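As a plain string of letters, each chain reads:
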Amino acid sequence: MNPTMIPIPSAWILYLSAVLFVIGAIGVLLRRNGISIFLALELMLNSANLAFASFAFRFAGASATAAHALNGQIFIFFIIAVAAAEAAVGLALFIAMYRRKETIDVDRFNILRW
Amino acid sequence: MWADAIVTLIKLAVVIGVLLTTVPIMVWVERRGSALIQDRLGPNRVGPWGLLQPVVDAVKLITKENLIPDGVDHFLYILAPFIALAVALSTFIVVPFGQGDGLTLFGSKIHGFIVAPDLNIGILYIFALAAFGVYSIVIAGWSSNNKYSLLGGIRSSSQMISYELAMTISVVGVLMASSSFRLDQVVMAQTGTWLGFIPKWNVFPQIIGAITFMVAAFAETNRLPFDLPEAEAELVAGYHTEYSSMKFASFFMAEYINLVTSSALIVLLFFGGWTLPGLTIPHGWAGAILSLVIFAAKVAFFLWFFVWIRWTLPRFRFDQLMALGWKVMIPLAVVNFLWVGVAMALGIL
Amino acid sequence: MVTYVFLAAAALAIVFGILAIAHRSPIINVLSLVVVFFALAAIYAVLGMDFLAAIQLIVYAGAVLVLFLFVIMLLNIRSVDRLGSGRRLQAILGALTSIAIGAAVVVAIATLTPAQGAVAPGSQGGTAFPIGRSLMTTHLLPFELVSLLLVAALVGALVLARKETR
Amino acid sequence: MLGSLWIIPLLPLIGFGLNLFLGWRKARKSLVTIAGVGSVGLATIAAYWAIIGYLEQPARVIVERYFTWISAGKITVDAAFQIDPLTVVMMAFVTFVGFLIHVYSIGYMHGESDTAYARFFAYMNLFMFSMLVLVLGSSLPLMFVGWEGVGLCSYLLIGFYFEDTYCAMSGKKAFIANRIGDVGFVLGIFATFAVFGSADFTRFLPIAAAHPQQYAGWATAIGLLLFVGATGKSAQIPLYVWLPDAMAGPTPVSALIHAATMVTAGVYMVVRCNVIYRIGPAALLVVAIVGGLTAIYAASIAVAQNDIKKVLAYSTISQLGYMFLGAGVGAFAAAIFHVVTHAFFKALLFLGAGSVIHACSGNQDMRTMGGLRKVMPTTYWTFLAATLAISGIFPFAGFFSKDEILGRTFAAGASNLHGFGWLYYILWFLGITAAFITAFYMFRLVYMTFHGEFRGTEEEKHHLHESPWTMTLPLQVLGVLSIIGGFIGIPKLMTGHASWNLIEHFLDPVVIPLGTGHAAEIAAGVSEHSAGAGIEWLLLLVSLSIAVAGILVARSFYAGEHAFEKPARFVERYPLLYKLILNKYYIDEVYDKVVIQPLYRFARFCWKAIDTIIIDGVIVNGTAFMTELTGDILRFLQTGNVRNYALSVAMGVLLLIVILW
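Protein chains in written order, with the numbering used here: chain X, 75 to 188; chain B, 2 to 350; chain Z, 252 to 417; chain H, -14 to 646.
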């Protein structure tokens, strides 16, 4: 029962996830608006999911570790759940921030400084 | 490999053709039905009993001036209706409308009367696309730069999200019974009868699940009594206030196609699809056509049922609507879900 | 043929990814992110992880981003700053660092031995069944913990976003 | 009593406990006397009982082990007492003289308050306990316990009148000087453990004796280290300065501790470890040289002292010099013999001086005394007997023991011991001149206090009286002992029978014969070989005539009608020399300048330079300053801008990747 092979080389998927990660990181570091930062963050999370998927996909190919191929998918499942929870709390936070300062421009919240 | 492609294309063409033709029929049925319920005549000028009225409406809408109000977020404004139509159409590829496995057309096997035969996440696909439906409404509301449409958009999306939850949980009971996402498997699980005369449809053991699913279906398609967002009295026309001509038409069509899909789902999940008690569908083309006819009859009944309900029940207030959704529908769905679990564990089901 | 699907989806994801972080209007950002998630779901499906694709669409595209849309509409953010505006140095440094990280990861990937992937065995009838079983057996604890986490997030969100009634 | 030697030291310890309790409860003097003197009396009886038991077969070593006191790795030290000829001799005179002095101090200390009286006897009992432990102890550490105990008691008793700052200071001085010596002693103990693996006399001495060459080098080192302790305890050249000031304590204390027992501990230690000193000849030589020099040096100072107790203190130092000289030339039996005889007449001299001071109501300056012969006949006659003994006049004890030592020194010179014959001749010459000076200053003392007219105030004159019987009885007993004490060590020369020289014969087993190799001859050469009968007779006559000459010179200086003219003229002719001797060669001042001041300066330097500047300044305040500085610098990192933090996080991740990879 050898698994049905799929002709996509797994390395390409990893490259895609790396690119997505970079785009997400640039989004997080360069945007000033809280919500856009959050969006970019979701993108980074998804790139991580993709990386997991690619490794699950790779291992599914190698018969030795085929049994654990599912673990990769299950982990993505949990990441999605966590991301959802995080988004909920984050957005609630932004609403509270907005209520306080009428803006969610991150640079305006700098009371923490010296 | 090419044969499959052609077969799928033919199926696709058939499905879209059927759907698009049912829309004017439904419009007509709607108008005549509402007239019948409200004891008035309804359209009868154009064509016999007003049959051509929908065609005339269509022509009217298409020829109207494609008006785009200024201050509107141009790109989104145009995008919204297309999303609605695309989502509505593409949900149907998973719906099997007849028992057609083993049939061959021009020498190549058509894998049953279903557009995407072995997509084994069937119902999940439908829920995914249902989720996308929300986007069209939200964007429409947002981009038409109008307070009423914005409010309408937000209200309808929150309504759809809460009822989507209820719908999903109620369906889980059915999936447990048929232990597969694929709708044709669900139908297969409902063949045969108990004690000779009661057909093994899911509706009888899971009556609560069936009711919650139907109510949720009403909410999903924004049909009365849940059509608060585009209620004329309340928010002018809800999210598609600013839309006119072809854009409005596509919203209108999307709504009716969703209606057809929902009723098809109700039939498939709870009323045994194309099975009738005591009747075994013979193989081959004759059996296929027979199953198609039975399935169509049931769907037609439920289409009428939607129209019938629309013109009898009064509209919910928004907070009642949300309260019903969260505090009644979801608990009921969970109860049904538990009941099915226990029943299966005890071997009743 | 499958690789073409993958390449198309990848291109789609990258283009809309850039759009998702660059565009000034948050709505466009969210929508382009929806398209990215759609593309990712397509990739998962191609890789044989159909249940995951469905979940990705339902949960991510269907629920999380709708939430984002909600908040954007609630806060009525018409348009937002340009990418990298304000604190010039910070922007440049940020871009450089992320690109450097990306480069490092890419180099690391390059060292990986190329291997041919495959559909997870035993998932011929769809990956839903095996995932469901393992969730309920081997991965029961994380499953319960995640449920706990979600409840906590729910309560948290409520408390934070509630209007100060007192 | 042989089976349980531990009773002997235990009795004075119980006495000490009782007295403390009585002192605390402010009990009557009579109770304290019973407890104090009674316990020492019982101890003496127990000691003599053990001695008699032992004498059935003398010349054997009995070791009684009670419990393991220290066990650390390979090293184990048992609490064990040992009895052998040397212990017998020491125990005999320590307990007997101690008891007599306790009886004497009943009368002497009568004037004190009840609590002080009790405190005095408590300390005296504690001293007896420590001395007995020192003598009975069968290993160096146990002996060290006694060693420290006696040091402590000497401090407590010297500083008995602690209200008077001078007494307190001299107590402290005595203790510190002893401690300095003890450092050497402790190092010696450690060295013994290191080299021999055990410090029990019955173990490490035989090992050393068995192969002398192998341990020669180490033995010299250990010998010298232990001798440093001895100089501290027995007041020899470098560390003797505390003894003259120790006279600040009550006189019975000076008699017991600073004449008879404690100061002889050093000599006992050297004789006990004679094997170590014999296989390490250099150490023995040092002992002899230090002994000789101290004898002549202390005697020269005693000549010019006017305080009666100071004279006796310096005379004790000089007599101890003799004992170490005797031990130094290998005549261990002679050294112990002199220890015993010295204990008798020196205790008597001190007690006599005590009753004189008692009579002159506390005045110690001889210049204001005189003519006490008529008033205190018993004190005078016993004092005279002791003076004759110390000067070495024929029938008295001093003659035999001192002459024995001088004889042996001369014999060592003759037999060119260790190749340093000429050195021993010089030491013998020093010994003889010291004997002459001893005779001179002793009779100077007698004439100034007992002969001539009373030079004190009228009021003192009325007060003069003979001491009560409790004081004079011990004087008489010690007087008899000073006279007949010499005969226990009568040389073969006079009697023709070696066996009659009891003490010589008795102490032979202590001097373990050495193993093979050249060391054996040295030992043999020293003990038997003497310079032939003729020379011995000559030596006897020489020392006797020297003593008589000393007495005559003293008489001409200090007795008769024109007494005190000659000394006055001497002072005019050599004022410088006189002042030098009077002020004890300014040794205290020299020590002060050479040792104490630099020490203070170094301490102040440590305090000012190291402590304040380096420790406080650099380390403590320095770190505080550094933290504050870095705090200030780092403060600017916290810009408060969320995106900065995000950036730094990203950079961190990058760094991490680079590093991990």
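Bear in mind the hints are in silico, worked out from the structure with no lab data behind them.
Owing to the predicted nature of the structure, the values given are computational and were not obtained by experimental measurement.
There could be a bad hint or two in this list.
Taking lysine-lysine and the BS3-like style, the derived pairs with C-alpha atoms no more than 30 angstroms apart in a straight line are [unchecked claim]:
1. K201(B) to K65(B)
2. K414(Z) to K175(X)
3. K175(X) to K148(B)
4. K477(H) to K157(H)
Computed list of chain Z residues with no C-beta within reach of chain H, every gap over 10 angstroms [what the hints assert, rightly or not]:
5. T348
6. G407
7. L409
Note that beta-carbon positions come from the ideal geometry of N, C-alpha and C, so glycine has one too.
Do the hints match the structure? See the list:
| no. | hint | verdict |
| --- | --- | --- |
| 1 | K201(B) to K65(B) | violated (50 angstroms) |
| 2 | K414(Z) to K175(X) | holds (14 angstroms) |
| 3 | K175(X) to K148(B) | holds (24 angstroms) |
| 4 | K477(H) to K157(H) | violated (46 angstroms) |
| 5 | T348 | violated (5 angstroms) |
| 6 | G407 | holds (20 angstroms) |
| 7 | L409 | holds (24 angstroms) |
Hints 1, 4, 5 from the list above are not met by this structure, while the remaining hints are.
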